[in-house]
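Visitor: Residues in the sequence shown are numbered from 1 upward in steps of one, following my numbering.
Any given hint could turn out to be false.
List of simulated lysine to aspartate or glutamate pairs, EDC-like, C-alpha gap at most 20 Å [unchecked claim]: (1) K38 x D181; (2) K128 x E21; (3) K128 x E26; (4) K219 x E204; (5) K87 x D62; (6) K38 x D107; (7) K128 x E95; (8) K87 x E119; (9) K128 x E12; (10) K199 x E119; (11) K117 x D71; (12) K174 x D133; (13) K174 x D131; (14) K128 x E25; (15) K174 x E155; (16) K174 x E42; (17) K174 x E95; (18) K174 x D107; (19) K199 x D71; (20) K143 x D107; (21) K128 x D180; (22) K128 x D181; (23) K128 x D28; (24) K174 x E139; (25) K128 x E155; (26) K38 x E95; (27) K87 x E36; (28) K87 x D107; (29) K87 x E26.
Estimated spans, in silico, between C-beta atoms of each pair [what the hints assert, rightly or not]: (30) N109 x K219: 35 to 45 Å; (31) D142 x V221: 54 to 64 Å; (32) S205 x R110: 21 to 31 Å; (33) E36 x N109: 18 to 28 Å; (34) E155 x A56: 14 to 24 Å; (35) A234 x E12: 49 to 59 Å.
Just so you know, the hints here were simulated from the structure itself, not pulled from any lab data.
From a predicted model like this one, the values you see are computed outputs, not experimental measurements.
Here a beta-carbon is modelled for each residue, glycine too, at the ideal position from N, C-alpha and C.
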Amino acid sequence: MSAAPFPHLVLENIFNPALLELVVEEFDTQPDNWTEVKSRYESTRRSVLGPTLGPATQLYFDIIHSGWFIDWLSSLTGVPYLLPDPKLFGGGLHESRTGATFAVHRDFNRHRHLGLKNEMVFITYLNKGWDPDWGSGLELWDKKHDRCVTTVQPEFGRTILLPHGPISYHGHTKPLQAPDDRPRRSVAAYYYSSPLAGKQHGDESASVFMKTHRVDRAKAVARMLTPPVLWLLARKIAGRS
Numbered sequence: 001m002s003a004a005p006f007p008h009l010v011l012e013n014i015f016n017p018a019l020l021e022l023v024v025e026e027f028d029t030q031p032d033n034w035t036e037v038k039s040r041y042e043s044t045r046r047s048v049l050g051p052t053l054g055p056a057t058q059l060y061f062d063i064i065h066s067g068w069f070i071d072w073l074s075s076l077t078g079v080p081y082l083l084p085d086p087k088l089f090g091g092g093l094h095e096s097r098t099g100a101t102f103a104v105h106r107d108f109n110r111h112r113h114l115g116l117k118n119e120m121v122f123i124t125y126l127n128k129g130w131d132p133d134w135g136s137g138l139e140l141w142d143k144k145h146d147r148c149v150t151t152v153q154p155e156f157g158r159t160i161l162l163p164h165g166p167i168s169y170h171g172h173t174k175p176l177q178a179p180d181d182r183p184r185r186s187v188a189a190y191y192y193s194s195p196l197a198g199k200q201h202g203d204e205s206a207s208v209f210m211k212t213h214r215v216d217r218a219k220a221v222a223r224m225l226t227p228p229v230l231w232l233l234a235r236k237i238a239g240r241s
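Please work from the sequences and hints to get the whole structure.
Guide: Okay, structure coming up:
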């Protein structure tokens, strides 16, 4: 939370390097899985929505989409009820080639198809022996003072957790100039939250039975006719939370 210029966390070598090396190899086995993105603001390529992944890459995403991993992210960030996106909208495999840049920006606020709120992005870099002189380090910007405060180099095994918010501006403005046309590669996933998370009433998350006992039907009618405050009070008196 105290990181500058906005909350983020850089982690080193939290994944087995043998797994990440296999992920790198699988980049070259995805000829039909790419979307080229070129505009005055960015030049990159990303895997398509719902890509068919190689086994090592699928294992990486299975890990970071698992329940225990998401609970860990919630404990780090203080954001409960995080949701993964198995189809990897905006995420998946990312690759930049010679001359590529990405203007300073904030990520999207909501998932285009699901309408869920974007909470954070999790990126693992896959570039061995990265030289900062090659450009394309991830720049974290202070919008108020219009300057780059922190640069994270996309070195192999380095992971950044980047919470989404109104000041989370980032990009890589220095054109990629690696030797031998070496690409800049990473894998990324976004995590989301629902506006209804933690706010649903018991009846909305319970099964609806076609045939119910008379006493249960009477309770249902009583609940509809009783102000919510009185109903909660009655449950507490009866010893039920």
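Visitor: Mind checking the alpha carbons of K87 and E26 for me, to see if they're no more than 20 Å apart?
Guide: holds (18 Å)
Visitor: With the threshold set at 20 Å, check whether the alpha-carbon distance from K87 to D62 stays at or below it.
Guide: Status holds; Cα separation ~12 Å.
Visitor: Hinted pair, alpha-carbon criterion (20 Å max): K199, D71. Please report holds or violated.
Guide: With Cα atoms ~19 Å apart, K199 and D71 stay inside 20 Å; holds.
Visitor: Would the hint linking K174 and E95 be met if the CA-CA limit is 20 Å?
Guide: Holds, at about 15 Å.
Visitor: With a cut-off of 20 Å on the C-alpha distance, tell me whether K174 and D133 pass.
Guide: holds (9 Å)
Visitor: Would the pair K128 and E25 pass a check requiring their Cα atoms to be no farther apart than 20 Å?
Guide: holds (13 Å)
Visitor: Holds or violated: K199 and E119, Cα atoms, limit 20 Å.
Guide: With Cα atoms ~18 Å apart, K199 and E119 stay inside 20 Å; holds.
Visitor: Given the hinted pair K128 and E12, is their alpha-carbon gap at most 20 Å?
Guide: Since the Cα atoms of K128 and E12 sit roughly 13 Å apart, the hinted pair holds (cutoff 20 Å).
Visitor: Need the status of pair K128, D28: alpha-carbon distance at most 20 Å?
Guide: Roughly 16 Å between the alpha carbons, so the hint for K128 and D28 holds.
Visitor: Confirm or reject the claim that N109 and K219 have a C-beta distance inside 35 to 45 Å.
Guide: holds (41 Å)
Visitor: Compare the distance between the alpha carbons of K87 and E36 with 20 Å, and conclude whether the hinted pair is satisfied.
Guide: Given that 20 Å is the threshold and the Cα spacing comes to 18 Å, the pair holds.
Visitor: Starting from K38, check that the Cα of E95 is at most 20 Å away, please.
Guide: Distance ~13 Å between K38 and E95 Cα, so the pair holds.
Every hint from the earlier list agrees with this structure, and none is contradicted.
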